[in-house]
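Peer 1: Start from the sequences and build out the full structure, keeping to the hints where you can.
Chains as they are written, first to last, in the working numbering: chain A, 1 to 117; chain B, 1 to 260; chain C, 1 to 145.
Keep in mind the hints are simulated off the structure, nothing from the lab.
One should not assume that every hint holds.
Residues from chain C shown here face chain A by an in silico Cβ test under 8 Å; the list is partial [to be verified]: (1) His98; (2) Ala99; (3) Val112; (4) Leu114; (5) Leu142.
Capping the alpha-carbon separation at 25 Å, the derived lysine-lysine pairs in PhoX-like fashion look like this [what the hints assert, rightly or not]: (6) B:Lys146 / A:Lys88; (7) C:Lys117 / B:Lys146; (8) C:Lys40 / A:Lys88; (9) B:Lys219 / C:Lys40.
Virtual Cβ for every residue (Gly too), placed ideally from N, Cα, C.
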Amino acid sequence: MERQSNEAFFWTLFSAGGVIAAILIPVHIFLFGLAFPLGWLPAPSYEHMMALVRLPVVRIYLFVLCSLPLFHWAHRFRYTLFDGLQVKHLNEVIFTLCYGGAVVGTVLAGYLLWNMG
Amino acid sequence: MADKIILEVARYSPERDAKPSFQSYEVPVYKEWVVLDALNYIKDQVDGSLTYRWSCRMGICGSCGMMVNGEPKLTCATFLSSYAHNGSKVRVEPLRYFPVVRDLVTELSDFLVKLTKVKPWLIRHDEPPLTQGEFLQTPDQLDRYKQFSMCINCTLCYAACPVVGLDPVFVGPAAIALAQRYNMDSRDQGTEERTAVLAHPEGIWGCTFVGECTRVCPKHVDPAGAIQQYKLKAALDWVKSFVMPGEHKSKDVRSEAAND
Amino acid sequence: MCAVKQPTTRTAPAYTEFHPRWYRPQVSVYWWLFQRQYLKFILRELSSVFVAAFVVITLLQLNALRNGPEAYARFQQWLQTPAAIALNVVSFCFVVFHAITWFNLAPSAMAVRLRGKPLPDFMVAAPNYAVWLVVSGAVAWLVLR
Chain A
1 MERQSNEAFF WTLFSAGGVI AAILIPVHIF LFGLAFPLGW LPAPSYEHMM
51 ALVRLPVVRI YLFVLCSLPL FHWAHRFRYT LFDGLQVKHL NEVIFTLCYG
101 GAVVGTVLAG YLLWNMG
Chain B
1 MADKIILEVA RYSPERDAKP SFQSYEVPVY KEWVVLDALN YIKDQVDGSL
51 TYRWSCRMGI CGSCGMMVNG EPKLTCATFL SSYAHNGSKV RVEPLRYFPV
101 VRDLVTELSD FLVKLTKVKP WLIRHDEPPL TQGEFLQTPD QLDRYKQFSM
151 CINCTLCYAA CPVVGLDPVF VGPAAIALAQ RYNMDSRDQG TEERTAVLAH
201 PEGIWGCTFV GECTRVCPKH VDPAGAIQQY KLKAALDWVK SFVMPGEHKS
251 KDVRSEAAND
Chain C
1 MCAVKQPTTR TAPAYTEFHP RWYRPQVSVY WWLFQRQYLK FILRELSSVF
51 VAAFVVITLL QLNALRNGPE AYARFQQWLQ TPAAIALNVV SFCFVVFHAI
101 TWFNLAPSAM AVRLRGKPLP DFMVAAPNYA VWLVVSGAVA WLVLR
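Peer 2: Okay, structure coming up:
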């Protein structure tokens with residue numbers, strides 16, 4: 001019974017992260033990863049970026065953008081490792097590494113955004 | 001269209017062989033012939049030792065499922081002519097991931113055990129007296145589960161699902177879809193009883209939504225959809241129990257299934 | 001790993017308990033490589049790796065932003081290196097693949113019914129694409145303003 005609600009919990013994080021990743025990440029990668037570095041669009045200035053990041057709403061947005069997709073990754077990646085490599089016996093290790101990574105990333109995001117000043 | 005085609009058929013004799021091998025047979029191709037007709041031709045005219053299951057030859061008994069060129073198919077509904085172009089061969093193997101008894105015959109008891117585990121029958125907690133008449137259902141209520149009730153237990157979805165092969169304890173697509181067929185039935189009160197088997201790492205949470213079960217299903221049952229819908233519901237129930245801890249989770253699972 | 005190692009035959013009919021002569025096929029470690037749909041599935045799942053890579057880059061960018069204008073400029077320069085561009089091109093393809101597969105699979109996870117009739121799949125998927133476009137536009141507008 002305990003295990004069952006755990007799976008529901010992780011699946012909820014997985015699907016919430018999947019929605020966030022699907023709707024938000026493509027435009028972010030397009031802008032910051034391709035359009036600005038390649039000069040397709042004028043890159044925003046440091047001041048503009050700081051002004052945005054100082055807004056509490058933007059910080060919450062960025063926190064969600066960083067944390068939920070990490071839990072999405074953790075869920076998919078652990079099943080891909082189980083199934084793709086047939087390493088179900090390493091279940092606990094993989095589980096810890098994936099969700100551990102997601103928690104570390106979430107804490108880092110929280111720390112960075114909290115101390116953005 | 002070629003008038004002859006080579007059928008490469010997997011042969012396995014438990015008394016003789018350590019593992020299956022392929023045997024080729026040349027069979028005639030007629031427009032109206034399905035793969036099963038070719039197998040029957042081999043059995044009747046060429047090699048009587050070839051062993052396989054079939055019965056109705058009209059896509060309803062679910063016993064002639066085999067791998068045809070690597071795809072799980074009902075051989076009675078797969079036309080030979082669609083493979084018969086420029087010297088191509090047709091490879092016929094037993095359904096993937098199942099133990100093989102002989103030639104093209106798979107062992108199904110594991111599937112049958114899983115199927116009974118999800119209690120695919122109407123469960124009632126109260127039995128109203130017969131004088132109250134039958135349980136009436138509106139067309140809407142019928143429509144909710146009708147799709148899942150089309151399953152013929154042909155096990156093509158098991159042969160399509162990599163999780164079935166990788167994780168032998170996984171309950172599997174057809175069994176979960178059939179459980180949903182009864183969960184969605186307005187006459188049923190057994191949702192709670194099935195939850196123990198379904199909302200479990202070996203049940204719905206084992207599924208990684210490859211979606212192949214739905215693609216190969218000859219009856220358009222959509223087991224993958226059934227499983228994801230159950231996951232979503234279990235997740236929402238979990239969120240609900242989190243937001244409103246007072247309410248008992250399994251109770252509203254049942255009343256919801258009965259009401260909507 | 002095989003299909004049925006110790007089948008749940010404890011409750012099965014007794015005559016199936018012990019059958020050493022059944023052939024039990026092994027699943028290849030490369031099972032996902034030889035079938036188009038399985039390959040597509042594994043690529044879909046691996047898109048999550050690029051999702052995680054995006055988060056790492058975003059965290060680095062935030063860190064650079066926090067460390068002042070010079071650090072931020074240095075980071076922008078790194079983003080212009082061929083390696084970073086290549087990573088972002090691949091990432092972009094994968095996350096778009098993720099988005100499309102995610103939106104297209106949404107209808108099968110959500111059986112939406114309207115006035116007692118199930119909504120057709122595209123009616124469930126289409127709003128996702130609409131939200132995708134609107135939100136993408138809003139983000140771009142905010143950043144470029």
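Peer 1: Run every hint past the structure and note whether it holds.
Peer 2: Each hint, compared with the structure:
1. His98: holds, 6 Å
2. Ala99: holds, 4 Å
3. Val112: With a closest approach of 16 Å, the Val112 of chain C hint is violated.
4. Leu114: Constraint on Leu114 of chain C not satisfied, violated at 22 Å.
5. Leu142: For Leu142 of chain C, the interface hint holds, since the closest Cβ of chain A sits about 7 Å away, which is under 8 Å.
6. B:Lys146 / A:Lys88: violated, 36 Å
7. C:Lys117 / B:Lys146: holds, 13 Å
8. C:Lys40 / A:Lys88: holds, 22 Å
9. B:Lys219 / C:Lys40: holds, 24 Å
Checked against the numbered hints above, the structure violates hints 3, 4 and 6; every other hint is satisfied.
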